[in-house]
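Asks: Please work from the sequences and hints to get the whole structure.
Residue numbers (my numbering), protein chains in the order written: chain C, 478 to 587; chain H, 478 to 587; chain P, 478 to 587; chain F, 478 to 587.
Bear in mind the hints are in silico, worked out from the structure with no lab data behind them.
Treat the numbers as computed from the prediction; the structure is a model and nothing was measured.
Check the hints yourself; a few may be wrong.
Given that identical chains are not distinguished, each listed pair holds provided it fits within a single copy or across any two copies.
Unchecked claim - Computed cross-link-like contacts, DSS-like style, restricted to lysine-lysine with a CA-CA straight-line distance of at most 25 Å:
| # | residue 1 | residue 2 |
| --- | --- | --- |
| 1 | K495 | K517 |
| 2 | K495 | K510 |
| 3 | K510 | K541 |
| 4 | K495 | K541 |
Single-letter residue listing:
Protein chains: 4
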Amino acid sequence: MNNSEILAQLTDILEQRKGAAPDSSYVASLYDKGLDAILKKVGEEVTETVMAAKDVVNGADKDKLVYEVADLWFHTMVLLADQGLSSDDILNELARRFGVSGHDEKAARK
Amino acid sequence: MNNSEILAQLTDILEQRKGAAPDSSYVASLYDKGLDAILKKVGEEVTETVMAAKDVVNGADKDKLVYEVADLWFHTMVLLADQGLSSDDILNELARRFGVSGHDEKAARK
Amino acid sequence: MNNSEILAQLTDILEQRKGAAPDSSYVASLYDKGLDAILKKVGEEVTETVMAAKDVVNGADKDKLVYEVADLWFHTMVLLADQGLSSDDILNELARRFGVSGHDEKAARK
Amino acid sequence: MNNSEILAQLTDILEQRKGAAPDSSYVASLYDKGLDAILKKVGEEVTETVMAAKDVVNGADKDKLVYEVADLWFHTMVLLADQGLSSDDILNELARRFGVSGHDEKAARK
Numbered sequence: 478m479n480n481s482e483i484l485a486q487l488t489d490i491l492e493q494r495k496g497a498a499p500d501s502s503y504v505a506s507l508y509d510k511g512l513d514a515i516l517k518k519v520g521e522e523v524t525e526t527v528m529a530a531k532d533v534v535n536g537a538d539k540d541k542l543v544y545e546v547a548d549l550w551f552h553t554m555v556l557l558a559d560q561g562l563s564s565d566d567i568l569n570e571l572a573r574r575f576g577v578s579g580h581d582e583k584a585a586r587k
Numbered sequence: 478m479n480n481s482e483i484l485a486q487l488t489d490i491l492e493q494r495k496g497a498a499p500d501s502s503y504v505a506s507l508y509d510k511g512l513d514a515i516l517k518k519v520g521e522e523v524t525e526t527v528m529a530a531k532d533v534v535n536g537a538d539k540d541k542l543v544y545e546v547a548d549l550w551f552h553t554m555v556l557l558a559d560q561g562l563s564s565d566d567i568l569n570e571l572a573r574r575f576g577v578s579g580h581d582e583k584a585a586r587k
Numbered sequence: 478m479n480n481s482e483i484l485a486q487l488t489d490i491l492e493q494r495k496g497a498a499p500d501s502s503y504v505a506s507l508y509d510k511g512l513d514a515i516l517k518k519v520g521e522e523v524t525e526t527v528m529a530a531k532d533v534v535n536g537a538d539k540d541k542l543v544y545e546v547a548d549l550w551f552h553t554m555v556l557l558a559d560q561g562l563s564s565d566d567i568l569n570e571l572a573r574r575f576g577v578s579g580h581d582e583k584a585a586r587k
Numbered sequence: 478m479n480n481s482e483i484l485a486q487l488t489d490i491l492e493q494r495k496g497a498a499p500d501s502s503y504v505a506s507l508y509d510k511g512l513d514a515i516l517k518k519v520g521e522e523v524t525e526t527v528m529a530a531k532d533v534v535n536g537a538d539k540d541k542l543v544y545e546v547a548d549l550w551f552h553t554m555v556l557l558a559d560q561g562l563s564s565d566d567i568l569n570e571l572a573r574r575f576g577v578s579g580h581d582e583k584a585a586r587k
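Replies: Take a look at the structure:
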C-alpha cells in the first residue's frame, strides 16, 4: 500500500473542518473547545499508549497499541492544525535531523 | 518539498540500528535500555509538547512546538520499532478511520 | 488549621466505598471500571496540572493549580486504595528518604 | 507510626532550600532550573507511576509503585513550593471537597 499521502489527506480534512459548526464533527468540537481541551486529549492518548505497550509485553494483542498511537498522532495533528501548523512541519523537522529527504531516498536505502 | 518518504526512511534507519552496539547511537541505547525507558521518553515528550503549546499562545515562537511534536513522533516510532511495528501500521489505521488512501487521494481532494 | 488527619480520613472514605455499588459514587464507579480507568484519570490530572501551572506564570489565579494538584493527589489515593495501599505508604516512603518522622519533628525544625 | 507531620516537615525542608546554592541539593537545582524543569519531572513521575501500576498487576512487587507515587507527590510539593503554595493548600482543598477536617475526625470515623 502507498501510505505516502495519508498524512497530507488527513491534513486537508483537518483544515476543512476549521470552518464547520462545533456540533458537526468531533474535530470541529475540539477546535471550538480550544487548546486546553486538545492538549488534554494528547495527554490522555499518551497514558493509553503507555498502558497498551505494557499490555503487549504481557501478552495482549498489538492492535491496541497501534490504535492508541494512531489516536496520539491524530490528536497531535489536531493540535498542529489548531496552531496553524501541520504534519509537514514535523516531517521537515525529522528530515532535517536525520539528514534524509524524499529526493535521496534511494541512496539512503543502499 | 516531497515529505512522502521521510517516515519510510526513518523507519529504515530505526530498523538498521536494531543490530547496533548500545553505545553506537541514541536509538541503539534506547533499544538496549528496553521498553520502559522508551515509554518514559514518550511520556516526557508529551509534557514538553503541552508546555510548548502553552508557551506559543503566550507569544513564544512556534519552532519549539514543532521541535517537541517531532520528538514525540520520533520516540513513538522508536516504540513501534521496538515492538515490531512501524509508522505504516499507524498510517494504515488512520487511513482506515478516515476512509482515505493513497490510491484515491485525488478524488478525496475534489 | 490542623491538616494532619485529612489524608487519614480520606483513606477511610476510600476504603468504605470499596464495597459500594458502582453507581453509588464516583469512587465506586472508578473501582468498578478498574485499574486502567484509574490510571487514565491520574494521567489526565497531570496534564491539567501542567497546564494550570503554565497559566499561573502567565497571570492566572493559583486556585486552579491547587484544584488540579488536589485532583492529582486524590486520584493517586484511589489508585493506592485499589492496589491495597494507602497514603500512609507514601508518607512512610517520604519520611524514610528525608530522614524525618512525626517523633523527631521538633528537632528537625530547629 | 505517626505520619501526620511528615508533609509539614517536608514543606519546611522545601522552604529552607529556596535560599540555597543550585548545586547544594537536588531541590535547589530544580528551583534554579525553573518551572518547566519541575513540571517535566512531575510528568515523568506519572509515566513511571502508570508503568509501575501495570507491573504490579502482572506480578511485580508493590514497592516500586509506592516509590513512584512518592516521587510524584514529592515533585508536586516542589512545584507547590516554587509557586508559593504548599501541601496545606492541597489538604485544605481535599478537606473542603470531602467535608472532613482535623476537628471532626472522630465523628467522621463513626
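Asks: All hints, please: hold or fail.
Replies: Structure-based check of all given hints:
| no. | hint | in the structure |
| --- | --- | --- |
| 1 | K495 to K517 | within (19 Å within a copy, 29 Å between copies) |
| 2 | K495 to K510 | within (12 Å within a copy, 35 Å between copies) |
| 3 | K510 to K541 | between (27 Å within a copy, 18 Å between copies) |
| 4 | K495 to K541 | between (29 Å within a copy, 23 Å between copies) |
The structure fails none of the hints (numbered hints given earlier).
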